[in-house]
Amino acid sequence: MSDRSTTTSKSFSDSLIEFLGNHRKALLVISGVIVVGIVAAVAVAQIANVRSDRAVRAAEHIQSLWSDYQDAAGATDQADQAASLEEELRTAITDAKDQYPRTYGARRAQFVLGQLEWSLENWQAAQDAFMAVVNDHRTTHLTAPAMFSAAAAAENLGELDRARELYGRLAEGTIQPNVEVAHALFNLGRLAEEDGDTQLALEYYNRLVDEHGDSNWTNLGRNRIIWLTSQGAGAEG
-5 MSDRSTTTSK SFSDSLIEFL GNHRKALLVI SGVIVVGIVA AVAVAQIANV RSDRAVRAAE
55 HIQSLWSDYQ DAAGATDQAD QAASLEEELR TAITDAKDQY PRTYGARRAQ FVLGQLEWSL
115 ENWQAAQDAF MAVVNDHRTT HLTAPAMFSA AAAAENLGEL DRARELYGRL AEGTIQPNVE
175 VAHALFNLGR LAEEDGDTQL ALEYYNRLVD EHGDSNWTNL GRNRIIWLTS QGAGAEG
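Read in our numbering, the sequence shown has 33 at position 39, and its numbers run on one by one without any break.
Bear in mind the hints are in silico, worked out from the structure with no lab data behind them.
All residues carry an ideal CB built from backbone N, CA and C; glycine is no exception.
It cannot be assumed that every hint is accurate.
To be verified - When the alpha-carbon atoms are kept at most 20 Å apart in a straight line, the in silico EDC-like pairs for lysine to aspartate or glutamate are as follows: (1) Lys19 with Asp8; (2) Lys91 with Glu54; (3) Lys91 with Asp155; (4) Lys91 with Asp47; (5) Lys91 with Asp122; (6) Lys91 with Glu111; (7) Lys91 with Glu80; (8) Lys91 with Glu81.
Stated by the list, open to error - DEER-style ranges, computed between Cβ atoms: (9) Ser61 with Thr88: 13 to 23 Å; (10) Ser224 with Arg48: 11 to 21 Å; (11) Arg156 with His135: 15 to 25 Å.
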């Protein structure tokens, strides 16, 4: 029994040695490919990390420029400084979008562009910039605020159907993360009121109260419910 086990072991060893000897070159090539693949993967990961870091730094620079611009634009004696900062900000935004597409830096740059256009009351440009955040990038914490701002810009343009559509998408709650649901419901109620549809307005306000009791917009919605019902709205229900 011992002899048979030894013979089998030697046979396997001999076969393995023979296999390695016969396929030595092929195994060396495969090993080389694996090593090159590992090195390439590490290099790609390092390049991606460097690119990501640079994109984040670009976003931070843009955010800093935006803050400086807001300060200058809010001062009565800094018009020239504000104009210079606006030009610098637009250049930085363009560069970030061109150099780091589909990164956080590009996403933040696009959002700041929307804020800039909004501050200048360029409503269509603001809507386009905010919708670019919604449509051109994966869903992030900026998506819902961008959609809400785009809806508000549509209101300023008098595009109420478009505003309702965007507020409605937010109110559905399918976009996550989303901190704008309650505000969107309130605005839908407000627009329904302005359109004379008090029943629809009450539906939105009641959803707001029932589903978002801890929101800052809930008390406003509750106040509108009290006012509308005092005026006879919903009496037939």
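Structure-based check of all given hints:
no., hint, in the structure
1, Lys19 with Asp8, "19 Å, holds"
2, Lys91 with Glu54, "14 Å, holds"
3, Lys91 with Asp155, "30 Å, violated"
4, Lys91 with Asp47, "15 Å, holds"
5, Lys91 with Asp122, "15 Å, holds"
6, Lys91 with Glu111, "16 Å, holds"
7, Lys91 with Glu80, "17 Å, holds"
8, Lys91 with Glu81, "16 Å, holds"
9, Ser61 with Thr88: 13 to 23 Å, "19 Å, holds"
10, Ser224 with Arg48: 11 to 21 Å, "59 Å, violated"
11, Arg156 with His135: 15 to 25 Å, "23 Å, holds"
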